[in-house]
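Colleague: So the chains spell out like this:
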Amino acid sequence: MMDMEKNNVLQIKELKAGYEIKSGFVGAVDDVSFSLKKGEFLGIAGESGCGKSTLAYAIMNLLRDNGCIQSGTVQLNDVNIASLSEVEMKKIRWVDLSMVFQSAMNALNPVLKIGEQLTDAIFAHQDLSRTKAQARAKEVLELVDISSERYDAYPHQLSGGMKQRVMIAMALILQPDLVIMDEPTTALDVVVQRTIIEKIQELQRQFDFSVIFITHDLSLLVEISDKLAIMYAGKIIEFGNAHDVFTDPLHPYTEGLMASFPALTGPIKRMGGIEGKPPDLLNPPEGCRFAPRCQKAMDICRREYPKEYVKNDGHKVSCQLYREKMGENHE
Amino acid sequence: MLGDIFKLFFENKKAAIGFFILLFFVGIAILAPVLAPYDPKANKIETVEILDTDRGRRKTVEREKINDFEETRIYTQEETTTYKQYTKKFPLNSAPSQAHYFGTTHSGQDIFSQVIWGTRISLTVGIGTGLFTTFIALTLALVAGYFGGLVDDIISLFTNVFLVIPGLPLMIVIAAYITVKGVMPIVLILALTSWPWPTRLLRSQVVSLKNRDFVKVSRSLGERPLYIIFNEMLPNMISLVMASFFQMTMAAIIGEATLEFLGLGNVSIVSWGTILYWAQNNGALLSGAWWWFLPPGIAIALIGTSFAMMNFAIDEISNPKLRKR
Amino acid sequence: MKYFARKVGLLLFALFVAITINFFLPRMMPGDPASDLVDKMQGVPPEALESIKAAFGVNTEDSLIIQYGKYLLNLVKGDFGVSISRFPTPVSDVLRVAIPWSLGLMGLATIISFIIGTVIGIACAWNRNKPLATFTVGFFIFIRSFPYFWLGLLFIYLLAFKIQIFPIGGSYTPGIDRTGWGFVLSILKHGFLPATTIIISSMGAWILTMRNNMINVLAEDYITVALAKGLPMKRIKGLYAAKNALLPSITGFAMSLGFVVGGGLLTEMVFGYPGVGLMLFQAVQAKDYPLMQAIFLFISTAVLIANFIADVFILILDPRVRDGGK
Chain A
1 MMDMEKNNVL QIKELKAGYE IKSGFVGAVD DVSFSLKKGE FLGIAGESGC
51 GKSTLAYAIM NLLRDNGCIQ SGTVQLNDVN IASLSEVEMK KIRWVDLSMV
101 FQSAMNALNP VLKIGEQLTD AIFAHQDLSR TKAQARAKEV LELVDISSER
151 YDAYPHQLSG GMKQRVMIAM ALILQPDLVI MDEPTTALDV VVQRTIIEKI
201 QELQRQFDFS VIFITHDLSL LVEISDKLAI MYAGKIIEFG NAHDVFTDPL
251 HPYTEGLMAS FPALTGPIKR MGGIEGKPPD LLNPPEGCRF APRCQKAMDI
301 CRREYPKEYV KNDGHKVSCQ LYREKMGENH E
Chain B
1001 MLGDIFKLFF ENKKAAIGFF ILLFFVGIAI LAPVLAPYDP KANKIETVEI
1051 LDTDRGRRKT VEREKINDFE ETRIYTQEET TTYKQYTKKF PLNSAPSQAH
1101 YFGTTHSGQD IFSQVIWGTR ISLTVGIGTG LFTTFIALTL ALVAGYFGGL
1151 VDDIISLFTN VFLVIPGLPL MIVIAAYITV KGVMPIVLIL ALTSWPWPTR
1201 LLRSQVVSLK NRDFVKVSRS LGERPLYIIF NEMLPNMISL VMASFFQMTM
1251 AAIIGEATLE FLGLGNVSIV SWGTILYWAQ NNGALLSGAW WWFLPPGIAI
1301 ALIGTSFAMM NFAIDEISNP KLRKR
Chain C
2001 MKYFARKVGL LLFALFVAIT INFFLPRMMP GDPASDLVDK MQGVPPEALE
2051 SIKAAFGVNT EDSLIIQYGK YLLNLVKGDF GVSISRFPTP VSDVLRVAIP
2101 WSLGLMGLAT IISFIIGTVI GIACAWNRNK PLATFTVGFF IFIRSFPYFW
2151 LGLLFIYLLA FKIQIFPIGG SYTPGIDRTG WGFVLSILKH GFLPATTIII
2201 SSMGAWILTM RNNMINVLAE DYITVALAKG LPMKRIKGLY AAKNALLPSI
2251 TGFAMSLGFV VGGGLLTEMV FGYPGVGLML FQAVQAKDYP LMQAIFLFIS
2301 TAVLIANFIA DVFILILDPR VRDGGK
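Protein chains in written order, with the working numbering: chain A, 1 to 331; chain B, 1001 to 1325; chain C, 2001 to 2326.
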């Protein structure tokens, strides 16, 4: 367990980040901690507004205007990037870690050719000749199954799926150690979604980079994640190996999420949903934030925020249901 | 929805300042008779006082003797009244002074009073035209946007065409042909040359609203078009309609001043534009009479700024990206 | 291509409407200016009278259609009739002299104003929280509220009357030798104030438009991506932000050309600059209808063509439009 620290690509400790507004601070990311090994695939699932995108931006240190990181550390290969200045951060961003943005509809500059949008990332960090940069750009295009002839195409000439693949190519062009993907498939139809996900898997195996895949659709993460984190109202409420979380969901919220999508095989179950809405992050409630919607809520849930309980093999959960079991395994 | 917008509006600093300025001028317009020290067209003060009647009552008698016993007398009586007339002529072309805050014109009229009285015409024409034009634009936009099809094509075509035909030359030419001078023709001419702008703007909003889900739902439920327009669409268009109104009023105020300045309006009325007309025609500039053309210009600019600020505020309200953090 | 064809169609139709308005205007006005004028002009030579009558359609022997036909034919021939106030000069000659002055003054001033305004607008958006930006925006909102002609008057007063740096009016020093640098210099001196008036009054619109467009563009996702990629600020400001913000600005510019030209006309009137604007003003005062109509037609045509050129510009700049988009 100790030497795992060494091949951690990413280690996040007690990260707090959010947005300053007139009436106070919206804590979209509240005390988040986890780590990621080289080549690992971490899926982060949660509803809209749970803070997933803020987390992604915070890791990249891209929060601007009224968004900021309040406290905590983000260790990328032993460097705390949360504390870096913008100048220093610019050298690292895209080289060591990159991001695939949500909604590729607007993520590409409409008046520039996509080839240029790929090469300018190279030119910003490396001193390559024009021809070499172009060659590299065409290379990554081929990697995502886009003909290199499309180098001169404009974004509006590509389909939604193609645009998203361009974004993936763009993220990989400098061979980063970590790629964060913020809802990369949300705006696409199911069939295209599948191809994109398979492509991501394939590329990951080929180049051995770590992935953080953020989505609200848990079903996507089923086969591809190594680790899984469930996020709710700014906090990670369950974390563990994907297989463990799926077969043995500990938190009532996770159970609810699992019940919301049907399994392809197996008996036909009744589908459930989770009633209610997530809390206001400007003034979050005391105690467990899921309590208002939880079927199994107890008195203590509303009073005290649950401490983390670790089941075997790194499967963690923050839920009062496991208070008594705390004696068995401590964090 | 309406309440929210008004609340946001007045909380916005720019809107508040703009509105205050507007209120200030409206106040001046309403209180003109009280505020203006002199009649705007007068170039002297004349008071007449009756000093004495009776002063020279004259009586004359004509006697005619008919005979020793008969006599006729004809009496004539006149009465005179004595008046004291006090005339104070205003100085001609004089710089601002205690008696005349903004100085006097070429023929001695008090400019301060003129500017105050001029507020009435300038504001009424401006706001009236603004309302009228916005109303036309809104109606056309709703008809074109909501009903679509051929009606939309025709209206859009004409809107686009009139949008590019230059407004000022058209205004000038029309005004030159009209022999009936007055305020109404000005309002009509201004409306006729400025309706395309808000029409185009409002129409695209109508079209995008029409395709929004909540309107689609109403339509599929079979609601009558008038109901949908008034209850579903219009409330969502308030901010854009208000913005259009402010812009149209601003344009109208400047347009009216321009037409008057060119002598195309009715030069015998008192408005800020006519003051400038007379100033220009009497060589105010070249005789150094800066006080003649400065106040009206600044008045126009202040009102214009007030509408521009309110317009800016509306922009910020409807497009949150423009707001300051 | 479809875009191009549509724009050409619009241009032609708009021209047609302008021409037709021009034709019907004198025939529609209340108060019968035609007979009014004819009555007043008792001692005018018969050819001038004919000119007026033709312009007004007082000559009612031909039907309306035939009158319209004759009118169109004359237009094509370049025959706009004879000027009443400058009798017997044909209108086309009057125009020919005035046009270069207007094109020079307004053309240059408008372009300079657009360029400076756009650059300042970009700066105001990029540095939006700095006090200078806020002040600039506020300042131009205020300046914009002054009537065009008034600013011209102010400049004349300050810089031509009080401090006599610039001449009061006209386009060049009368009597000067037309060849040689002295002439060019005097043109520049005379044109400076009117040009500055136009530039300062219209700059505000471009500043505000560009600023708003930039702010909208800066909130787009592709800007965040550009920042994430670590691109140099110059590239982001230019190729990513400004290039996208410029497109709606140019559209706005095209649409407000009519308004800008109007302002230019007023400036000419105030400065006595012998361009088309001054001609129009004098024509109006002298009730020289043939000249007025011709000027209106000329101005409309010029604006329509300029509009069309701006549309072509967009075609070149925006790849989406090229592929038959909006």
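Treat each hint with caution, since some may be false.
What the hints assert, rightly or not - Taking lysine-lysine and the PhoX-like style, the derived pairs with C-alpha atoms no more than 25 Å apart in a straight line are: (1) Lys2243(C) with Lys90(A); (2) Lys2234(C) with Lys132(A); (3) Lys2287(C) with Lys90(A); (4) Lys90(A) with Lys2130(C); (5) Lys2287(C) with Lys1181(B); (6) Lys138(A) with Lys113(A); (7) Lys91(A) with Lys2287(C); (8) Lys1181(B) with Lys22(A); (9) Lys1041(B) with Lys22(A); (10) Lys1013(B) with Lys2287(C).
Think of the hints as simulated: they come from the structure by calculation, not from any bench.
No experiment lies behind these values; they were computed from the predicted model shown.
Colleague: Please write out, lowest number first, the hints stated earlier that are contradicted by the structure.
Modeller: 3, 7, 8, 9, 10
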